[in-house]
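Enquirer: Given the sequences, and given the hints that come with them, work out the whole structure.
Each chain, written out:
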Amino acid sequence: MLNSYTTLIVLIGVILLSINCTIIGTYNYLQKKSLLADVVAHSILPGICLSFLLTQEKDFLWLFIGAFITGMASIYTIDFIKRASFLGEDTILGIVLSFFFGLGIVLLTYIQNQGFSEQSGLDNFLLGRAASILISDVKIIASVTLILVVTIILLGRLFVAIAFDSAFLSQIGISTKLIQLIISTLTIMTITVGIQAVGIVLIAAIMIIPPAIGRLWSYQVSRIILIGLLASILSSLIGVYISYTFPRSPTGPWIVVGLVGCFLFSLLFGTQSSLKVFEIRKI
Amino acid sequence: MSDILTILIASLIGISCSILGCFLVLRRMALLTDAISHAVLPGIVIAFLLSQSRDTFFMVLGAGTFGFFTSFLVEWLQQKGKIQADASIGIVFTFFFAVGIILVTQYTQEIDLDQECVLYGDLLHVTLDVWLLTDGTNLGPKTLWLLVPLLLIIITFVVIFYRTLQIITFDIVFAQSIGIPVALFHYALTALVSFTTVTSFESVGAILVVAFFIIPPATAQLLAKRLQHMIILSIIFSIVASLLGYYLSVIFNSSSSGMIVVVAGLLFLLVFLLAPRGGYFNKKKLSHAATLSS
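If you're matching them up, the sequences are chains P and Y in order. Quick note: the first sequence, position 172, residue 172 per our numbering, numbers continuous. Quick note: the second sequence, position 165, residue 165 per our numbering, numbers continuous.
These aren't lab readings, by the way, just hints derived from the structure by calculation. It cannot be assumed that every hint is accurate.
Unchecked claim - Simulated pairs of lysine-lysine, DSSO-like, Cα-Cα distance not exceeding 30 Å:
(1) P/Lys32 to Y/Lys80
(2) P/Lys82 to Y/Lys142
(3) P/Lys139 to Y/Lys82
(4) P/Lys82 to Y/Lys82
(5) Y/Lys82 to P/Lys32
(6) Y/Lys283 to P/Lys32
(7) P/Lys58 to P/Lys177
(8) P/Lys177 to P/Lys82
(9) Y/Lys283 to Y/Lys225
(10) P/Lys177 to Y/Lys283
(11) P/Lys139 to P/Lys58
(12) P/Lys32 to P/Lys82
Expert: The structure is reproduced here in structure tokens:
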């Protein structure tokens, strides 16, 4: 399987992507904000379409900027509505998610009906096409991985602190808003570079499921990340292998199926799992 | 004529979703609709494959089963698995959606269901899909024959059990203590949500239907003080959104379901900013006055 150069590129891309998602997903999970990733992923669509409409080409940089703007806008809209109304958080998430996605669909269908020559492939963002990963995409994904790893090494402790005791952070003079902004920025970056490969709905899965798996084995953040990484890399291998063997099968969904397999295994056997179905009782 | 039919279909979907949505929004179950609407996909595909037809009965059955499953699994993961709420919803619906996409791409030749339809539907296509009798009598769009009975079922359910639903929505502990079968009503609501999702699936798609469930009731909640008013207002909002959204989509030559959602969202924003009671500007004015007086 590794003989094929293109498959190798796809494999490396997908693995790096799931590493990114797992790392930043864990910090969102710790803040109980897993579903924010889902909202951001949906909100990126109008940004991508807008920057395509303005530039008439699929230049990565412009698409990235557009995606970034609407992604950030969605996060700020959620905060804004949450502060100023009595609506439940789940309702607000639902409103923002579906509004931005609706806007994205309006723009996407508008572009498709106009018949721009360059537009084909924009709909890849909806469900993703891992097979379309090129070496240039891998470089971009890898640079995000690098940024993530460096930031986590430098600021990881603050990211944990904000999840468990944000009052403490502001007391010692660190701006929680700034830290939150950094986490949001990293989340949007990760989603934007990965969305073409696995699509809007399923990128959220790769951010949500690995930390949930890690949490079933440990309560230490570093171990949650490591175990999550193990599961997501394994699932990426499964996904790429299956779509390589059965060419009609898409990669992204199989990665998710793999992850859920790991999750079920962890739910049954995990040392921190509350089920402990197969735990041997100590006498 | 087809304009009116499209708006009628969109409005009927909007009304069904709004009525159910009011209870979902008030019970903080909004994201469960998001989960269910994604999760019915494999149910629909499996029903297609098993029955080898677009027989509505099987589709509703398949979707209902998966809708029930989703709601059950989310609950189970939270209660028994002690998985935090956001993650348990996220895990269940992305998994079912992934399975659905795998099935769609695998059997794309056998079933007449494309990936775009899954995501955002096609109102115009649904309007044109009419029910012709063998002698050539045109009975109108097939969807209408599903939407009208569904709406009647929903209205009957809500009218008959109005008091009970009200008690469950606002004070679940009290409801349990006086012996109302809360779980039964929970799953009845889930079932109605799944049926509505599958009926409106071809028209508005899996993701946009969430907007129909959540946005008009949330807008109404900002204005209403009573449950009846909230339901009526949300119905009005969804009809207005369907009407405006459809005409805007014709002008801009784009997806009508998408445009309806955008209009609904803008209406929400308008109410959110200007509402007399909890509106953003009003609140600001009030707090400003409070600081001045102190």
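Enquirer: Next step is simple, just say for each hint if it's right about the structure.
Expert: Against the structure, the hints come out as follows:
With a CA separation close to 18 Å, the supplied pair P/Lys32 and Y/Lys80 stays within the 30 Å bound. Restraint check for P/Lys82 and Y/Lys142: the C-alpha separation of about 41 Å exceeds 30 Å, so the hint is violated. A distance of roughly 39 Å separates the Cα atoms of P/Lys139 and Y/Lys82; the hinted pair therefore is violated under the 30 Å criterion. Simply put, P/Lys82 and Y/Lys82 have alpha-carbon atoms about 26 Å apart, close enough for the 30 Å limit, and the pair holds.
A C-alpha spacing of about 13 Å is found between Y/Lys82 and P/Lys32, which places the hinted pair at or below 30 Å, so the restraint holds. A threshold of 30 Å between alpha carbons decides the hint, and for Y/Lys283 with P/Lys32 the separation of about 29 Å falls inside it, so the pair holds. A C-alpha spacing of about 33 Å is found between P/Lys58 and P/Lys177, which places the hinted pair above 30 Å, so the restraint is violated. Between P/Lys177 and P/Lys82 the alpha-carbon distance is near 15 Å, which keeps this suggested pair within the 30 Å criterion.
A hinted pair counts as satisfied when its Cα atoms are at most 30 Å apart, and Y/Lys283 with Y/Lys225 qualifies at roughly 17 Å. Taking the CA atoms of P/Lys177 and Y/Lys283, the gap is about 24 Å. The hint holds against a cut of 30 Å. Of the supplied pair hints, the one linking P/Lys139 and P/Lys58 holds, its CA atoms being roughly 17 Å apart against a limit of 30 Å. Our distance criterion of 30 Å between C-alpha atoms is met by P/Lys32 and P/Lys82, whose separation comes to about 16 Å.
This entry does not satisfy hints 2, 3 and 7, going by the numbered hints stated previously.
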